[in-house]
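Asker: Take a look at the letters that make up each chain.
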Amino acid sequence: MAVLNLVQAINQGLQQALIEDDRVLVFGEDVAVNGGVFRATEGLFEQFGDKRVFDTPLAESGIVGLAVGLAAYGLRPVAEIQFLGFAYAAIDQIFTHAARIRARSRGRYSCPLVIRTPYGGGIKAPELHEESSEAFFCHMPGIKVVVPSTPSNAKGLLRAAILDPDPVIYLEPTRLYRLLKEEVAEEAYITPLGQARIAQAGDQVTLLAWGSILERSLRAVRDYPVEVIDLQTLSPFDRATILASVAKTGRVLIVHEAAKTGGFGAELAATIAEEGIMSLKAPILRVTGYDVVMPLPLLEDYNLPSEQRIIDAVEELLRYS
Amino acid sequence: MPRETLANFSIERLEILDPRGEVDANLLPDLTDPQFLRLYELLLLTRLADERALNLQREGRLGTFPSSLGQEAAQVGSAFALAPQDWVFPSFRELGVFLCLESSLPNYYRYWMGDERGQLCPPELNLFPINIAVGTHLLHAAGVAMGARYRQEPLVAVPYLGDGGTSKGDFYEALNFAGVYRLPLVAICQNNQWAISVSRRGQTATETLAQKALACGIKGIQVDGNDVLAVYQATIEALKRARSGGGATFIECETYRMSDHTTADDARRYRDSAELESWREKDPLLRMRRFLEHRGLWIEADQQAQEQALLQRIDQAVEAAEAVSPPTVEEMFRYTCHQLSSRQEEQLKECRDGRA
Chain E
1 MAVLNLVQAI
11 NQGLQQALIE
21 DDRVLVFGED
31 VAVNGGVFRA
41 TEGLFEQFGD
51 KRVFDTPLAE
61 SGIVGLAVGL
71 AAYGLRPVAE
81 IQFLGFAYAA
91 IDQIFTHAAR
101 IRARSRGRYS
111 CPLVIRTPYG
121 GGIKAPELHE
131 ESSEAFFCHM
141 PGIKVVVPST
151 PSNAKGLLRA
161 AILDPDPVIY
171 LEPTRLYRLL
181 KEEVAEEAYI
191 TPLGQARIAQ
201 AGDQVTLLAW
211 GSILERSLRA
221 VRDYPVEVID
231 LQTLSPFDRA
241 TILASVAKTG
251 RVLIVHEAAK
261 TGGFGAELAA
271 TIAEEGIMSL
281 KAPILRVTGY
291 DVVMPLPLLE
301 DYNLPSEQRI
311 IDAVEELLRY
321 S
Chain X
1001 MPRETLANFS
1011 IERLEILDPR
1021 GEVDANLLPD
1031 LTDPQFLRLY
1041 ELLLLTRLAD
1051 ERALNLQREG
1061 RLGTFPSSLG
1071 QEAAQVGSAF
1081 ALAPQDWVFP
1091 SFRELGVFLC
1101 LESSLPNYYR
1111 YWMGDERGQL
1121 CPPELNLFPI
1131 NIAVGTHLLH
1141 AAGVAMGARY
1151 RQEPLVAVPY
1161 LGDGGTSKGD
1171 FYEALNFAGV
1181 YRLPLVAICQ
1191 NNQWAISVSR
1201 RGQTATETLA
1211 QKALACGIKG
1221 IQVDGNDVLA
1231 VYQATIEALK
1241 RARSGGGATF
1251 IECETYRMSD
1261 HTTADDARRY
1271 RDSAELESWR
1281 EKDPLLRMRR
1291 FLEHRGLWIE
1301 ADQQAQEQAL
1311 LQRIDQAVEA
1321 AEAVSPPTVE
1331 EMFRYTCHQL
1341 SSRQEEQLKE
1351 CRDGRA
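Chains as they are written, first to last, in the working numbering: chain E, 1 to 321; chain X, 1001 to 1356.
With the rest of the complex left out, here is chain E:
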């Protein structure tokens, strides 16, 4: 098995998808000759040619709208939006069309597309390059939202996303692209959508996280009896795994980079309150980004949940018996 980082695992996943299914097309800004600004599509243009892997004009709504048409026509488009903040220009196409074509056409047309985009902070990048707006997409019925956290699940989840008959927003944690390396199985495999993963076993606190903040959370709580759950798919999310863990620990910490108000953590907290409150020994805590516009590099470390904030919250929870 080769040792790959996250971006290499994604590249391998895309390559295998292009080999195994000629309906798969990869496109976006700078993805062909340049191989993507993070090199996620490197070598694919050379291997598969400009009919399968192509550059588009600089137009995010256009890229997603084109993908909607290609998907409805029966192809399997994998569109790249260069940064999640640029996807705001495409939200109309994602919400109004990708998410609704199946319902509007009563199943005559579907929209099996994947929108891949780097997301999240911690990379000291310019404005709109560090957005963490996953909750917007989770609120919209008709689309799935997937966030890998390791090279292995990045590859498996990507394959599952491409095979899925519905639109999938696939959010790649930019900070992790080259941070983690691990052995990744050479063959194509699936990590099923809608299933969470126990990233660390524990019995006193359930910590829920995804994407790049999961890595930071694991670092913070490695010496604590905390069960860390990597959600992997935010929509639909794996209630069963979460509730089973909460039943065991009785204490819940939710960690995310995004702003607190209306963040996806609120949905998790509400679900636990509705369905697991009798297990709780302590209030559900959230450590999140603040309700501010994601700051430029000099302030971003204050906004992103730090290891210390995570540890403080775990210790606070452990004081409840």
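FYI, nobody ran anything at the bench for these hints, they're computed from the structure. Check before you lean on any hint, since a few could be wrong.
Derived DEER-like restraints, expressed as beta-carbon distance ranges [as the list claims (entries may be wrong)]:
(1) X:Q1085 with E:Y290: 41 to 47 angstroms
(2) E:V33 with X:T1206: 43 to 49 angstroms
(3) X:T1328 with E:M1: 30 to 36 angstroms
(4) X:A1215 with E:I277: 57 to 63 angstroms
(5) E:K181 with X:Q1347: 53 to 59 angstroms
(6) X:Q1347 with E:M1: 40 to 46 angstroms
(7) X:K1240 with E:E183: 29 to 35 angstroms
(8) E:P297 with X:T1206: 54 to 60 angstroms
(9) X:T1262 with E:Y290: 56 to 62 angstroms
(10) X:A1215 with E:Q308: 50 to 56 angstroms
(11) E:Y88 with X:T1206: 25 to 31 angstroms
(12) X:V1324 with E:E183: 54 to 60 angstroms
(13) X:P1327 with E:P297: 38 to 44 angstroms
Per the computed footprint, the stretches of chain E lying under chain X, defined by three or more beta-carbons under 8 angstroms from a beta-carbon of chain X, are [unchecked claim]:
(14) 58–64
(15) 73–79
(16) 95–106
If we take Cβ atoms under 8 angstroms as the criterion, some of the chain E residues that face chain X in the derived model are [said to hold, decoys possible]:
(17) A67
(18) G69
(19) A135
(20) H139
(21) K248
The beta-carbon is built from N, C-alpha and C at its ideal position, and this holds for glycine as well.
Starting from the structure of chain E, add chain X where the hints point.
Answerer: Chain X alone, transformed into the frame defined by chain E:
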């Protein structure tokens, strides 16, 4: 270092049939007499089916409805040129296109009666759902056109839009993609002069809408949109060019929305009645009927007989639409995704049976 003119452009306008029913014989499309008669039948069917929808709305039997009154030629003339394999992307005022493609009239009524099953497209047609969001669906047409080229299928993607749609960013992005990738796409714009209360002049400072195509490197043409023959001819030429690899065309059909924007609108608030009257003389049905009369194909008795036959067909469509049992709540959940999530399954159960 002189100042130079780097490019000059012009926009062609096509008119074949004038309001008196006279035609330019040199421009007359290559159609048979039965086809001319069929075109008129479709114009009349569209007019009558539209009037019936308005009546049903007033009786509370149909919801908010966007009338196509006055725009029949732009719709029928363009759709009549299509081949069975072509993909059509309607906006929300294309009754004439649906009828021309022989999509189900009961389904069309059912959609506006509030039944989503009315969007179900007959399997033999490649007809996209009605698009309420203005101008966004041109990109889907571009995607299908690109897919068709990838699979080497000789189809053309044909989106319909109004003058308001040309103000949207997606309109430009789609035509730009069509230009860059040389896509087989023919966009049919019904410039009906009003986007609810904002006039054509309030939408754009350009002299024509057709010239917007030039910014994207594709062909743009304006036609008399109340002239069914000119619309047909421009469309058939554009489809031929698209099929032969010549790229996309944007066709501006200059027409007029004789009715309100929808039944929820009152155009008297913003529109001068003299303007409306001036367009009455350009009625697309009247001029086609005069053309048929000049050609010896039509007399007053034919008109009455055909109206009767079409009204009977419309009666049956209304009856069929209203005879369908209302949708169940399963229908609300079933098409959100290919499979219900565990939460959706619980919600469906709650909606159907009440809280457990």
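Asker: Each hint should be assessed against the structure and marked as holding or not.
Answerer: Do the hints match the structure? See the list:
1. Separation of X:Q1085 from E:Y290 is about 55 angstroms and departs from the stated range, judged on CB atoms against 41 to 47 angstroms.
2. The hinted window of 43 to 49 angstroms between E:V33 and X:T1206 is violated, with their beta carbons roughly 35 angstroms apart.
3. Between X:T1328 and E:M1 the beta carbon distance is about 51 angstroms. The supplied range of 30 to 36 angstroms is therefore violated.
4. Between X:A1215 and E:I277, the C-beta spacing of about 59 angstroms keeps the proposed range 57 to 63 angstroms intact.
5. Restraint check, E:K181 to X:Q1347: a C-beta distance of roughly 42 angstroms breaks the suggested window 53 to 59 angstroms.
6. Hint check: X:Q1347 to E:M1, Cβ distance near 42 angstroms, so the stated range 40 to 46 angstroms holds.
7. A hinted range of 29 to 35 angstroms for the beta carbons of X:K1240 and E:E183 is inconsistent with their spacing of about 57 angstroms.
8. Checked against the given bound of 54 to 60 angstroms, the beta carbons of E:P297 and X:T1206, roughly 43 angstroms apart, lie outside it.
9. Take X:T1262 and E:Y290: their Cβ atoms lie about 45 angstroms apart, and the range 56 to 62 angstroms is violated.
10. In this structure the supplied range 50 to 56 angstroms holds for X:A1215 paired with E:Q308, their Cβ-Cβ distance being about 54 angstroms.
11. With their beta carbons about 28 angstroms apart, E:Y88 and X:T1206 fall inside the hinted range of 25 to 31 angstroms.
12. Distance hint for X:V1324 and E:E183: a CB-CB separation of about 58 angstroms, consistent with the stated range 54 to 60 angstroms.
13. Separation of X:P1327 from E:P297 is about 53 angstroms and departs from the stated range, judged on CB atoms against 38 to 44 angstroms.
14. For the segment 58–64 of chain E, the stated coverage by chain X holds: 4 residues have a C-beta nearer than 8 angstroms to a C-beta of that chain, and at least 3 were required.
15. Evaluation of the coverage hint for the segment 73–79 of chain E: fulfilled, as 4 residues show C-beta separations to chain X shorter than 8 angstroms, against a requirement of three.
16. Note: the segment 95–106 of chain E has 8 residues with beta-carbon separation from chain X under 8 angstroms; the three-residue rule is met and the coverage holds.
17. Because the beta carbon of E:A67 sits about 6 angstroms from the nearest beta carbon in chain X, less than 8 angstroms, this interface hint is met.
18. At a threshold of 8 angstroms, the smallest CB-CB gap from E:G69 to chain X is about 2 angstroms, leaving the interface hint in force.
19. Of the supplied interface hints, the one on E:A135 is violated, with its beta-carbon coming no nearer than about 16 angstroms to a beta-carbon of chain X, more than 8 angstroms.
20. Look at E:H139: its Cβ only gets to about 13 angstroms from chain X, farther than 8 angstroms, so that hint breaks.
21. Checking E:K248 against chain X: minimum C-beta separation of about 20 angstroms lies over 8 angstroms; hint violated.
Consistency note: the structure conflicts with the earlier hints numbered 1, 2, 3, 5, 7, 8, 9, 13, 19, 20, 21.
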